[in-house]
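Kindly produce the complete structure, drawing on both the sequences and the hints.
In case you want the letters, here they are:
Number of protein chains: 2
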Amino acid sequence: MGRVVLKFGGTSVGTIEKIKKTADQAIREFKKGNQVVVVVSAMGKSTDRLVDMALEISDNPSKREMDMLLSTGEQVTISLLSMALHEQNYEAVSYTGWQAGITTEPIASNARILDIDTETIQDALTQGKIVIVAGFQGISADREITTLGRGGSDTTAVALAAALEADKCSICTDVVGVFTTDPRYIKNARKLNQVTYDEMLELANLGAGVLHPRAVEYAKNYRIPLEVRASHEDEAGTMIEEEMTMENTKVVRGIAFEDKITRVTIHWDKKENMRVSKVFTTLAEHNIDVDIIIQGITGLGHGNLSFTIKTKALLETLAVLEEHQETLQYAKLESEQNLAKVSIVGSGMVSNPGVAAHMFEALTDNDIAIKMISTSEIKVSTVVDEKKMIRAAQVLHDTFELED
Amino acid sequence: MGRVVLKFGGTSVGTIEKIKKTADQAIREFKKGNQVVVVVSAMGKSTDRLVDMALEISDNPSKREMDMLLSTGEQVTISLLSMALHEQNYEAVSYTGWQAGITTEPIASNARILDIDTETIQDALTQGKIVIVAGFQGISADREITTLGRGGSDTTAVALAAALEADKCSICTDVVGVFTTDPRYIKNARKLNQVTYDEMLELANLGAGVLHPRAVEYAKNYRIPLEVRASHEDEAGTMIEEEMTMENTKVVRGIAFEDKITRVTIHWDKKENMRVSKVFTTLAEHNIDVDIIIQGITGLGHGNLSFTIKTKALLETLAVLEEHQETLQYAKLESEQNLAKVSIVGSGMVSNPGVAAHMFEALTDNDIAIKMISTSEIKVSTVVDEKKMIRAAQVLHDTFELED
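Residue numbers (my numbering), protein chains in the order written: chain A, 1 to 404; chain B, 1 to 404.
Just to be clear, a hint being listed does not mean it is correct.
[Stated by the list, open to error] The list that follows gives simulated cross-link-like pairs (lysine-lysine, DSSO-like), each with its CA atoms no further than 27 Å apart:
hint : chain 1 : residue 1 : chain 2 : residue 2
1    : B       : Lys278    : A       : Lys63
2    : B       : Lys168    : B       : Lys220
3    : B       : Lys45     : A       : Lys20
4    : A       : Lys20     : B       : Lys63
[Stated by the list, open to error] A few chain A residues that face chain B, going by a derived Cβ cut-off under 10 Å, partial list only:
hint : residue
5    : Glu17
6    : Asp48
7    : Gly73
8    : Ser351
9    : Val355
[Said to hold, decoys possible] Which bits of chain B does chain A cover? Going by a derived footprint, with three or more residues having C-beta under 8 Å, they are:
hint : region
10   : 216 to 226
11   : 272 to 281
12   : 327 to 333
These are calculated hints, taken from the structure and not from any lab test. These numbers were taken from a predicted model, which means no experiment stands behind them. Quick reminder that beta carbons are idealized off the backbone N, C-alpha and C, glycines included.
Spelled out as structure tokens, the structure:
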């Protein structure tokens, strides 16, 4: 007998009809002979409605009271889902975060899970019950209700799977799995059967927020097999695991891409004036995220530094840099908008040094100019013209034969 | 420094605007130098909305899961009220039933409070915070969320006042207090400054459910001074206490009345066939409430028994009695509809034997026929024609000079 944790987000339990379908899916897993734990979020727009009420009272409501308020959302869903299972004559019991033994840091709105005392859940599972747990919430040591912040319900599911030593944690969502690239733009994108945790982290922006990075990291640390699959359909999704089976021999597993990138370049007259680390600490102090970084020194003793940011952060970035010109001692600032990032991702890359060259060649052969390059052990990213982004993704998808 | 508990029902916190006004009232009490605990119900129609969702899933949802579902209603209100107090720069903290230390019987939907561990609340009060507690809910010894059933939030408030040894428990509602009689029908009805617990129990049907009898009994047992007063107005209401001050010397304190009463009469040919207790156990088994009971034996050895019921229960009452005719051995059944009950209430009655006679005389002088009489230590009830009910109440209100 196996033990599985299923997680359903707000959209998947957004209506009474969908809650009934969620019950059906839990029953399918139960009928396979599994012990089943279901983690659910608040119903669809209910969190927004609660937030709106709070904002009618205060522009800046207390985080402690927001947790008190928002944690009711999941509590509604768990009780309704439990009723839906009873209605089909299955034994089920719902637990809030604190009833499920989920202890967190004493930090309102953005707590991390510290420990899970699984005794209550284990007892219920042993009695043959389907257990339903409120996602996104827990309790601090001083008995305060806390919420987990971004990606919260995914994290609850993965942490419960770890604490319960589950065989699998399935994240049931509105996509059928993780794809080789974004199927909305690349027609021959293919659903992957397997990816590694690291690949998943790099592919995170494919399929628009399928899984929160914090949950993937948690799963990686505790070696929990994660599945991304469609809600309310009995079809296997994509498994995210450490080890790949033999058939998954492709070096490149997926193509990620992202538009609305801007490159900022800082020029110094003398390389001894370059204050590279000061640039990035200054930007970090203003919460400006920097992605690809390239540092160059020309033969004449001049120096420059290029980095990419999201275009929407450009005005603030330039303002911050200009404000600190004296400290940073640079001579000139430049920026280029309308760029995009296109990356190939795959764990096998580290042992296949020719992959990057193969990528550059394919892009160049197709008249796609490469403006920046950045590499890691499992990823090679290039910056290209925004207009050529989709074609670049398509070229690379074909070049590395991801359709098959 | 005093300590007060304020309770606001669903209507009094039904909108964001009303929650803000509730905050104002709590602040007024706080500014008087009191420690303030506020108990609130779910916002207006929110409980109905939750019940509707449950009924979309199941005709007969699990009571345990209903408690899980409905207890979110008060949790929303407490957090919003706390935010409203913060917004006016007062320190406030909200607690769910379990956080407030309210332990109940392990009975879903209709639990009674067993114990309150006030440590958390006392600490917060000592720190100068206004404490907000979710009414209607608690936790059982096995960590299940429970709700208190009818009159729940009133009971929470009174029980908290007892456990905290508060100086007063104010039930803030949509009436300004308890009246000598129903002001909707009797123009010169007057707000009472004081009534005793027992009088309050007898006057309970005045002002349509101002206070739940369970809460009044609780207050009586623990000698908690109770106040019924208007929400959102800074005006004294009616105090409900054991001892009356000297100025309250009237023997009759109030006139209660109720229409839609039916008298049922059972006739036996032989008095030895009379199965009086069997009649009432049979009716009780079918959850039929009986009010006034009169048993008569005629000189010829015949016997009869009359009792009143609410008219809406008539069809079922007759059906039950007919079904059990063989066991009950009666000869004939009669019923008279369109009756009303009019009562005078006052603790002083027990030591004033002439009061009942005074009442009957006043009614008779005004051509109001008395069809049944029932007396207790603090109440005399008469059954009259429904058409004459209001006039009877007015006559008695004038006779006993309640206007002054």
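Run through the hints listed earlier and report the numbers of any the structure violates, in increasing order. Hints 1, 6, 8, 9, 10, 11 and 12 not satisfied by this model.
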